[in-house]
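These are the residues of each chain, in order.
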Amino acid sequence: MEEKHLIDGIQPNQGLIYPEDTNELSSVLSDITEPGRVVVPIGGATRLQIGAKMPTYDYALDLSNMNHLVAHNSADLTCIVQSGITLHSLQNQLREQEQFLAVDAAFPGKATIGGTLASNAPGYLRWQLAHMRDMVIGMQVVLPSGTVTKSGGPVVKNVSGYDMARLHVGGYGTLGVISEISFKLTPLPRRQGSFLVGFESEHGLQNFSEEIFDSYVMPLALTGMNENLIKMLQIDAPQCQYLMVIRIGGRQMAFDRQLNILNKMVGQYQDSQTDFLEQNASDRLWEKVRDFKGYGAISSITGRVFSTPTRLRGLLRDIDNYVEEIGLTLAICIQPGFGTMEFHIDKVPAESEVRSTQMIERIHDIARQNQSHINYETLPADFKNGFNMWGKVNEGSLGIMRSLRDTYDPGKKLNRGRYLTDKEDI
Amino acid sequence: MGQSQSLKIKDLIPELRKIVGDDYVLDDQADLLVYEYDGSIDRGNPVVVVLPDTAKKISQVLKLARSNSIPVVARGAGTGLSGGAIAEHGGIVLSMARMNQILEVNRSDRYAIVEPGVVNLDLSTHVASEGLYYAPDPSSQRACTIGGNIAENSGGPHCLAYGVTTNHVLGMEVVLADGTITWFGENERDGIGYDLRGITIGSEGTLAIVTKISVRLLRLPEHVKTMLMSFETIEDASAAVTGIIGAGMVPAALEMMDHFCIKAAEGAVGAGYPEGAGAVLLVELDGLLESVEEESEEIEAICREFSPLEIRVATDSLEREKLWSGRKGVLGALGRLAPNYYLVDGTIPRTKLVEVLKKINEISERSGYPIANLLHAGDGNLHPSILFDERKPGDVENILAIGAEILRICVDSGGVLSGEHGIGLEKQDQMPLMFSEEDMATMSLLRLAFETEDLLNPGKVFPTGAGCGDISQARAIARVGPGAYI
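Chains as they are written, first to last, in this note's numbering: chain A, 257 to 682; chain B, 8 to 493.
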């Protein structure tokens with residue numbers, strides 16, 4: 257038994273299964289026929305903490321042996337991979353042909369492509385603000401019954417039948433197990449680097465990010481963070497309350513031009529300080545940012561906010577004020593272009609006057625007041641019972657989601673009771 | 008469509024008038040004629056057309072239809088090329104023509120909320136003064152609606168760099184088959200739960216009726232450069248495309264036209280294409296000035312490896328529009344070469360362009376039917392257009408068989424049945440070429456999860472049962488109306 261198969265401290269009571277290929281995966285699922293058995297597909301186990309606490313589970317379906325790059329058609333900028341390949345392994349192989357997959361996620365040495373897609377993992381590298389699902393052009397999925405199905409294919413444009421892959425990106429493995437994916441790829445920028453700007457106010461950070469999106473700069477990634485996160489990650493940055501990191505890339509002349517635009521723009525901010533990191537230093541910085549939610553204690557609380565760029569302004573301020581008011585440390589990282597935010601709060605100490613459950617519910621309220629949505633990703637296991645980490649989904653959509661779940665997994669074999677719920681299955 | 012269905016709907020017309028208003032229910036035969044067809048070969052007769060202006064009214068119509076087991080087909084501008092908007096089983100056609108308002112433009116958050124009947128180009132025109140645009144640009148963008156684009160997940164020449172409709176829709180208000188009004192996604196770029204937004208896009212109106220759409224808006228580029236490259240043969244042009252993509256270049260658009268298209272476009276609009284060329288490439292780059300200039304130099308260098316007859320760069324916006332006018336007008340211009348054409352839509356891996364175009368040429372020579380090749384070459388999206396005369400006995404049967412053969416070649420080369428026109432009625436019986444029984448059953452289950460009555464656009468996407476190309480052909484021939492312009 258590996259630690260990675262423990263979910264909220266619970267180990268599988270029937271065993272571990274390591275399928276080597278799609279056929280084996282299919283056989284495994286079709287052979288599990290006893291009613292009530294629960295199977296949890298597992299990739300690198302970097303995001304297994306997300307979801308409601310299961311009372312028990314039967315089989316850990318570990319896909320780490322399905323880890324091959326099946327085909328890389330570099331002349332066509334496409335590839336096909338097995339779902340258990342790690343992001344690190346895939347990107348290394350693609351790099352040999354000066355290409356990459358515009359998807360990233362924390363702990364790429366462990367995180368698998370399948371798990372990254374299934375858990376809709378956050379990442380900072382968003383080519384032209386595209387979502388990771390936009391890189392998927394085909395998918396093979398094994399249904400809970402063991403049936404192998406596919407949609408799409410290794411071509412970049414396709415409207416043949418329903419776009420079934422969409423259901424499985426962010427589906428947390430509740431409708432089927434992703435076994436193979438076709439992706440479209442992106443050429444590696446010839447030059448990369450990061451421009452750092454420190455601000456003394458949140459106002460400066462937000463204004464500058466709006467200006468960037470109004471300019472002709474096309475960041476490969478852009479993030480803003482507060483002082484607590486800068487300290488937590490031990491980033492060697494200009495002294496500031498808020499730091500913005502803009503990763504740019506391209507051919508040399510285009511790269512220089514973007515750098516000039518940024519330097520000119522920042523000149524208008526009197527309280528700002530800047531720095532520039534060449535590719536290697538820039539890569540190291542982005543690795544820290546990417547993995548930041550893993551730097552805290554196991555007992556910490558992490559979450560993710562879905563919003564719009566302008567709503568993030570109020571939300572950031574309100575959450576920051578509240579957490580400061582109750583004397584805790586909030587580390588935040590925003591992606592202004594995408595309208596999302598990641599946060600990390602150390603667990604409320606036992607002697608605190610504010611109870612932890614009060615705090616997470618109050619933060620939920622603050623998000624709602626700012627027309628935003630919070631999904632708590634990490635909560636100490638004892639918090640999980642009775643609190644819905646996922647937040648509320650509108651009733652109309654939830655009805656269809658329940659119907660989909662009933663249709664594809666009527667026995668609730670996959671990940672029962674963990675998704676979009678705090679107790680019963682959706 | 009049975010007579011009983013027709014009588015049942017006639018009985019409901021007073022109720023439909025009550026819901027949408029007297030002026031917005033059409034049941035006169037003369038009025039219904041224009042709703043019989045779309046841009047494809049197919050025909051179907053609705054019993055009644057209603058033109059609602061709110062989601063609430065659509066909900067009421069759907070509840071009424073459901074309680075009487077009447078099919079409902081949503082319709083945008085009717086420019087679709089696969090029969091998606093055809094009332095194959097009669098029933099009610101729900102025209103979105105009155106739901107044509109741009110409801111909100113949020114410049115800071117870069118989105119707009121529009122009704123489904125908004126014409127695609129109108130949105131870009133509306134937001135141009137803000138320095139923004141809506142990226143998907145189907146060739147029919149002057150007429151087609153954003154609601155229709157969602158049904159078909161439409162593309163366009165510029166989706167090579169910017170993606171198709173699904174990559175630009177943030178959320179949408181929908182009416183489900185039971186009349187429930189809800190949102191799938193909203194204005195955020197990400198969220199939790201199954202991606203109902205994504206699965207609904209491209210579902211050809213079979214899962215829900217879309218009533219409001221939140222779309223991403225992009226910043227207009229600083230610089231645009233359009234180049235026309237002509238080659239002696241289509242093989243040279245294809246090899247140049249493969250070379251460009253293989254070198255890791257992704258222009259904003261990379262279009263190809265063969266000598267038939269060049270001739271037709273020149274005759275119709277005088278775009279300045281060299282008539283003696285075997286093929287031309289229309290390449291557009293956009294972005295930062297420096298980036299565009301560097302990339303265009305590299306593309307020129309790649310193309311020179313394939314002995315171009317000419318490389319021409321548009322010097323101003325007028326010249327750029329002229330070059331594009333030939334591309335955008337070429338389908339209409341094919342009428343100069345033959346009374347009818349049958350446009351096929353398939354996608355292949357871009358490395359297979361030379362091989363597949365060679366096979367299409369062999370089919371043309373063997374069958375005696377000229378095939379004009381128009382391609383979104385950068386995507387590997389082929390549009391071979393078979394020229395024929397429907398008045399000649401046997402021509403319709405022959406060209407449908409040729410179309411099926413071309414699609415088989417696309418699938419055999421690792422490609423797919425449709426790049427941007429959808430399956431609709433046209434290709435439903437060819438689905439088994441690409442999908443196993445299990446694949447299609449899994450898709451059917453999706454439909455059932457949304458609605459169990461099979462009343463939203465029934466008879467589309469899935470094979471009719473036989474899964475046989477011949478039956479598909481016979482059905483297509485039966486549907487083609489007299490004088491149909493394919």
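Do not rely on the hints blindly, as some may be mistaken.
[Unchecked claim] Taking lysine to any residue and the SDA-like style, the derived pairs with C-alpha atoms no more than 20 Å apart in a straight line are: (1) A:Lys648 x B:Ile188; (2) B:Lys219 x A:Asn650; (3) A:Lys679 x A:Val649; (4) A:Lys648 x B:Tyr376; (5) B:Lys219 x A:Val649.
None of these hints come from the bench; they were simulated from the model.
Hints versus structure:
no. : hint                : verdict
1   : A:Lys648 x B:Ile188 : holds, 17 Å
2   : B:Lys219 x A:Asn650 : holds, 16 Å
3   : A:Lys679 x A:Val649 : holds, 15 Å
4   : A:Lys648 x B:Tyr376 : violated, 59 Å
5   : B:Lys219 x A:Val649 : holds, 19 Å
Violated hint for the displayed structure: number 4, the only one.
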